[in-house]
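J.: These protein sequence lines map, in sequence, to chains A and B.
Per this note's numbering, the very first residue in the first sequence carries number 1; after that it's consecutive.
Per this note's numbering, the very first residue in the second sequence carries number 419; after that it's consecutive.
Read the hints as simulated data drawn from the structure, not as lab findings.
Note that the Cβ used here is the ideal one computed from N, Cα and C, for glycine as well.
Any given hint might turn out to be false.
[To be verified] Lysine-lysine pairs mimicking DSSO-like chemistry, simulated, CA-CA at most 27 Å apart: (1) B:597 - B:652; (2) B:500 - A:179; (3) A:179 - B:652.
[Stated by the list, open to error] Pairwise CB distance ranges, derived in the manner of DEER restraints: (4) A:342 - B:543: 37 to 45 Å; (5) A:128 - B:652: 39 to 47 Å; (6) A:223 - B:808: 36 to 44 Å; (7) A:206 - B:823: 13 to 21 Å; (8) A:367 - B:823: 24 to 32 Å; (9) B:477 - A:367: 30 to 38 Å; (10) A:379 - B:824: 29 to 37 Å.
There are 2 protein chains.
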Amino acid sequence: MTAKNAFYAQSGGVTAVINASACGVIETARKHSDKIANVYAGRNGIIGALTEDLIDTNQESAQDIAELKNTPSGAFGSCRYKLKSLEDNRREYERLIEVFKAHNIGYFFYNGGGDSADTCFKVSQLSEKMGFPVQAIHVPKTVDNDLPITDNCPGFGSVAKYIAVSSLEASYDVRSMAKTSTKVFVIEVMGRHAGWIAAAGGLIEDYGIPVVVLFPEVEFDQQKFLAAVDAKVKEFGYCTVVVSEGCHWPDGKFLAEQGTRDDFGHAQLGGAAPVVANMIKETLGYKFHWAVADYLQRAARHLASRSDVEQAYALGEAAVNLALEDHNSIMPTVVRESSSPYKWSIGMAPLSEVANVEKMMPMDYITEDGFGITDGCKEYLYPLIQGEAYPEYDDNGMPRYVTMKGIAVPRKLADFEV
Amino acid sequence: MTAKNAFYAQSGGVTAVINASACGVIETARKHSDKIANVYAGRNGIIGALTEDLIDTNQESAQDIAELKNTPSGAFGSCRYKLKSLEDNRREYERLIEVFKAHNIGYFFYNGGGDSADTCFKVSQLSEKMGFPVQAIHVPKTVDNDLPITDNCPGFGSVAKYIAVSSLEASYDVRSMAKTSTKVFVIEVMGRHAGWIAAAGGLIEDYGIPVVVLFPEVEFDQQKFLAAVDAKVKEFGYCTVVVSEGCHWPDGKFLAEQGTRDDFGHAQLGGAAPVVANMIKETLGYKFHWAVADYLQRAARHLASRSDVEQAYALGEAAVNLALEDHNSIMPTVVRESSSPYKWSIGMAPLSEVANVEKMMPMDYITEDGFGITDGCKEYLYPLIQGEAYPEYDDNGMPRYVTMKGIAVPRKLADFEV
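Use the sequences and the hints to build the structure in full.
T.: If you want it as structure tokens, here you go:
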């Protein structure tokens, strides 16, 4: 068996630990240089493969690659670019195979969420048909935690830790001030249509904080919500609200699309938090503060979960090892062996069962009133936020995050328009 | 000299390290129990003194007091309650002295910003006149960093570190995605009329990030701002914008003005980020994301600056030692001995020179174009964010923050309406 090259790409929204998976892939490939000569990384994800813009990772030092484990975001660039179906856009899939062929790429490691699992699956099928078989392995990543089969998705644990800790800290702040000032603090969190991240905010209940969680899985009921907040403020003097960006009215309209206007007459775009906060002020009269964590939450490598970093690395490592064991069209998964103490191992799932399947939060993870999380949910969540994994800091007091040299592999093919 | 009691209160917006000052006060007082029998803490700040709602800190364990050093927010409760002038509200000042007299309180440690320095000063003057002299020492605290004489204010360094690190992390995220998705990230920061916190966001320029900072000290010029953002996006592919909540138009109107005011009559700010982001989208067409960190930034004990924690403690400690050396009507200060290496010591300022004086950011800390910080500003800021001082975490993966027992001292006086 002569050595082939591998192609690695980051896909979709990046996370605090996707580079830890990249580190796992590249470090493991380097241990098997007899079989994997080089890992070419797509500059800006799959677009790099289509445009033949490949980064030569052999030109990155061992130390820089090791530091990927502690660096947030996508060090090679990512993209939001979903390949259409094979029928609609065979041209792009064929281009991918051409690029792989031109650069002797026998392994395709695609690091992303549901869409990229689907692309990965198709590449594996088509390369077979086109007579240049490529082993396609999907490395899971998504803060939305919505991939099937795997117990959890790298990226989620760190966001969950960030939201749980930040909500706790801000709640302490409100508790301090509530006598004469702010009584309600609203924090808006990511997660699209899945309430996993919002659920992490619900953990602060265990730390004595009165909290109301608004999940995308539960239709927003304004009266019931305001009554819940009012009851908490009357009992505790204050209340924290965790609202998911995907929270919506019964007609499907997002809370963030309220149609409110600021003092300049501009439509207030985005922001379920200010909508909820103003609703509370207008109806209950409580003084509020609100925060929208946005990218801060998924980039917060400074507060990553150690479980999450370790799993992200292990899944990258496993992807390479599974490829070298001749597996194809699969995704390594996290298998939970036990919650307390937390034990996990690496499993594997066929991409045919992963592609286009969205894992929803079980409804029995949400309390009956729709505003909190159950003990079962807490048992699921805590292991994922366990442990810290701090980056190093420089003498200025800033974290040492690495930037790749990003040297391009010389091109061999004609230009291609995406 | 027979032992007297001390009164300690937290005032105004709380911080990640104000409890470290409380820890410094209480631990130091305990070392001198021959002179300071007990530290009574005002429940919810000065309101606790007015209503005779005093927390008996001798009933808190040594360990709990020690853990204050790692716990954000105001553990005894704070308040936004500014005593009116002596002429307008002599009744409240006299009540304070009455309460102090009833509980044999000879020391008044008031932990806050400019308003509380003023109150502290007045109490010291009035108690003298009323024949029950109380030594009033102000312990500085404010994330706005706007107290005079002291080189910096506890609370600011940790917010600065949080904003610098979070802005860097989110910028890495945008950089990863900019090819096909978000090109401009806007983060809104606190600081009211002072641009110190916004300036901390400007540090990320040293880490290769194209950043535009909007200071409250610089009148907002929409065209110039949009041109600056556009130039960065054209050169780097993306841009980060750090906008201060106090940023305003030439006519003085805040970008964010919501029309509501807090109890001090200050306009309640929040929401400049979406205004700025939408302006960019409408004019330049760039896809954006925005975050409003709000309380998260000042509560983020998980990312406190070690310099800041140490100074907060040292100032609390110094307050007690200075009181025991018979100083009165003063504020311990941070004196910068050198920036590189960073060396500081504790000084002292008379309250007559602190009360009602606001320290503005020097204009030569802002670059000529008005959108960045100078080398002088960086030399000032870096020492303040140096070092980490992590809290401990429990087995769940959550930080160990302490909650006081908060047992009240039995009352001796009639009720008092505030």
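J.: So the hint says 13 to 21 Å: do the beta-carbon atoms of residue 206 (chain A) and residue 823 (chain B) match that?
T.: 19 Å, holds
J.: State, for the Cβ atoms of residue 128 (chain A) and residue 652 (chain B), whether the hinted interval 39 to 47 Å holds or is violated.
T.: This hint holds: roughly 43 Å between Cβ atoms.
J.: Tell me if the beta carbons of residue 342 (chain A) and residue 543 (chain B) are separated by a distance inside 37 to 45 Å.
T.: 60 Å, violated
J.: CB of residue 379 (chain A) to CB of residue 824 (chain B), is that within 29 to 37 Å?
T.: 31 Å, holds
J.: Is it true that residue 223 (chain A) and residue 808 (chain B) lie within 36 to 44 Å of each other by Cβ?
T.: For residue 223 (chain A) and residue 808 (chain B) the Cβ distance comes to about 43 Å; the hint holds.
J.: Can you let me know if the beta-carbon spacing of residue 367 (chain A) and residue 823 (chain B) is within 24 to 32 Å?
T.: Holds: the Cβ-Cβ distance is about 30 Å, inside 24 to 32 Å.
J.: Does the Cβ distance between residue 477 (chain B) and residue 367 (chain A) fall inside 30 to 38 Å?
T.: Holds - the Cβ-Cβ distance for residue 477 (chain B) and residue 367 (chain A), about 36 Å, lies within 30 to 38 Å.
J.: Hey, residue 500 (chain B) versus residue 179 (chain A), does the alpha-carbon distance stay inside 27 Å?
T.: Answer holds: residue 500 (chain B) to residue 179 (chain A) is near 14 Å, not above 27 Å.
J.: Taken at face value, is the distance from the CA of residue 652 (chain B) to the CA of residue 597 (chain B) at most 27 Å?
T.: 12 Å, holds
J.: Given the hint that residue 179 (chain A) pairs with residue 652 (chain B), does the C-alpha gap stay at or below 27 Å?
T.: The hint is violated at about 49 Å.
Violated hints, listed in ascending order, are 3, 4; each of the other numbered hints is respected by the structure.
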